[in-house]
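A.B. asks: Since the structure of chain L is provided, determine the placement of chain C on it from the hints.
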Amino acid sequence: MAAPQVITPAQRWHPQLLRLATLVVLGLAWETASRFNSTLNLAMPSLLMIAKALFAILFDGKFYQHLGITLWQVVASMVVGGLAGVGLGLWGGLKRRFGQAIEPYVYYLAPTPKIIILPVLILMFGVGSGSKIAMGALSCFFPILLSTLAGVWQINPVLIRVGRSFHLSNRQMLTLVYLPAVMRPVITGVRLGLGMAITGVLLSQIRLSNAGLGFLAISAFQTFQVADMYAILILVFALAALANAGVASVERRLGG
Amino acid sequence: MSAGALAVEHVGKRFVTPQGTVTAVEDVSFSVKKGEFVSIIGPSGCGKSTLFAIIGGLLDQYEGRVLVDGHTVDGAHHDIGMVFQEESTFPWRTTIENIAFPLEVAGMPKKERLEKAVHFLELVGLTDFAHRYPSELSGGMRQRTAMARTLAFEPKILLMDEPFAALDEQTRLLLGDQVLRIWRELNQTTLLITHNITEAVQLSDRVLVMTYRPGRLKREVPIDLPRPRSSEVVGSVAFGQLVGQIWKDLREEASRGMKATEGGRND
Numbered sequence: 001m002a003a004p005q006v007i008t009p010a011q012r013w014h015p016q017l018l019r020l021a022t023l024v025v026l027g028l029a030w031e032t033a034s035r036f037n038s039t040l041n042l043a044m045p046s047l048l049m050i051a052k053a054l055f056a057i058l059f060d061g062k063f064y065q066h067l068g069i070t071l072w073q074v075v076a077s078m079v080v081g082g083l084a085g086v087g088l089g090l091w092g093g094l095k096r097r098f099g100q101a102i103e104p105y106v107y108y109l110a111p112t113p114k115i116i117i118l119p120v121l122i123l124m125f126g127v128g129s130g131s132k133i134a135m136g137a138l139s140c141f142f143p144i145l146l147s148t149l150a151g152v153w154q155i156n157p158v159l160i161r162v163g164r165s166f167h168l169s170n171r172q173m174l175t176l177v178y179l180p181a182v183m184r185p186v187i188t189g190v191r192l193g194l195g196m197a198i199t200g201v202l203l204s205q206i207r208l209s210n211a212g213l214g215f216l217a218i219s220a221f222q223t224f225q226v227a228d229m230y231a232i233l234i235l236v237f238a239l240a241a242l243a244n245a246g247v248a249s250v251e252r253r254l255g256g
Numbered sequence: 001m002s003a004g005a006l007a008v009e010h011v012g013k014r015f016v017t018p019q020g021t022v023t024a025v026e027d028v029s030f031s032v033k034k035g036e037f038v039s040i041i042g043p044s045g046c047g048k049s050t051l052f053a054i055i056g057g058l059l060d061q062y063e064g065r066v067l068v069d070g071h072t073v074d075g076a077h078h079d080i081g082m083v084f085q086e087e088s089t090f091p092w093r094t095t096i097e098n099i100a101f102p103l104e105v106a107g108m109p110k111k112e113r114l115e116k117a118v119h120f121l122e123l124v125g126l127t128d129f130a131h132r133y134p135s136e137l138s139g140g141m142r143q144r145t146a147m148a149r150t151l152a153f154e155p156k157i158l159l160m161d162e163p164f165a166a167l168d169e170q171t172r173l174l175l176g177d178q179v180l181r182i183w184r185e186l187n188q189t190t191l192l193i194t195h196n197i198t199e200a201v202q203l204s205d206r207v208l209v210m211t212y213r214p215g216r217l218k219r220e221v222p223i224d225l226p227r228p229r230s231s232e233v234v235g236s237v238a239f240g241q242l243v244g245q246i247w248k249d250l251r252e253e254a255s256r257g258m259k260a261t262e263g264g265r266n267d
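Top line first, the protein sequences correspond to chains L and C. The first sequence begins at 1 in this note's numbering and counts up one residue at a time. The second sequence begins at 1 in this note's numbering and counts up one residue at a time.
Okay, chain L solo, but in the shape it has when bound:
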């Protein structure tokens, strides 16, 4: 006979309820700090002010212009960095010697903050969208390359033998075995890369630009419109979360 289960108070809290409660507590702490401490008040404006700023921005056409520029730069850098990463990853995965030769470079370059070479990118691609896209592409290239490489190397070897036993051409081997087999790791790489691309684009917008959400945030900061800055940060966060959820849903659909 199983003993009756003891339900502790912690278990009675539904995780989602607990999550909501955490948010409420944090909000209250923020609001308290903002109201009763004049130094903090500058860094942490009242939530009401942030909400107001958020609505003002959402109803301002200029915001959408900057949003559009940022989206275009992120998408372009994902296309450039993603194609390069998947392409080189497949090549390096299939040509094992080549892959093993470049692996250490990739491995050590991947976690290096790419922002340090922004000046070089500005010199190469100019102060406009070019250098932002280059930065985003460089940022997402490495995680996508690494997961593609790993994906090809981890293909179940018997599937290759199955392909050979049905005498597939090289082209069919690529399209019917290798590509579908690496789809999942590639999508995982894309999800990781997307975060990096967004970071790369926004960071370079913050450093030097006259357009994009990064620029909006940094100019709000420079003119002491701190509530506006927070509003933009919230929107950036929402954008990143949305993009991540989008890729994750593709990932789930592939789960089969």
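It cannot be assumed that every hint is accurate.
Only part of the chain L face toward chain C is listed, based on derived beta-carbon distances under 7 Å [stated by the list, open to error]:
hint: 1; residue: Val-158
hint: 2; residue: Val-162
hint: 3; residue: Arg-164
hint: 4; residue: Ser-165
hint: 5; residue: Phe-166
hint: 6; residue: His-167
hint: 7; residue: Leu-168
hint: 8; residue: Arg-171
hint: 9; residue: Thr-175
hint: 10; residue: Pro-180
Source of the hints: derived by calculation from the structure; they are not laboratory data. Here a beta-carbon is modelled for each residue, glycine too, at the ideal position from N, C-alpha and C.
C.D. replies: For chain C alone, kept in the frame of chain L given last:
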């Protein structure tokens, strides 16, 4: 689908390893008649899998010849369809898509190939699982999917390497019945490579016993149990005698293999 006859003539394979040359298979000759079911049985490390790869055309540079209907075959070819020991279904394809795979490779239009795949789906009894992914199937169902996929290739010779090795004994016996039914329906020339004596006797017309390294043919045992056969045959006296007879041959080889492995040498 036309059945074919398989002939293996003086096939041998040596591997060069850092420890020296290993003769995996030496001077193996045998033939399988049209529509016949033959098993090759041997201990672990006897070169069964090497022989499988050679006949299937996945290994080049070997001695001797492999012939289908009197013609030498070289490399992977349409005459011989392979079923592998390992889990080999494509995890991103449903059962029906897996079965239709060789038809897709051959360039058959989608509608046509799915229609044709249904036939093989029914043959292996997976009609209710047509649109499931391998991860949603049992091990036995996945191996049946792999078998149906190879049958859809319509090979003259069906070549199987311990396809049920990973399954439990009861499932294996029941799948044996299915294999026999399919073999009869298609009049499919079949060569099964296995280490399982029961399986070999249950299914085959003849069993060829292999020696431990180098892998040579030691003896041919005709299985004269009546056909059609079902798994109930394992209870008969004649079945027990055949198993005993094969084990007598195999025992010596298996213990040689065991000694070699325990002596610190790997396969």
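A.B. asks: Taking the earlier hints as the rules, which of them does this structure contradict?
C.D. replies: 8, 9
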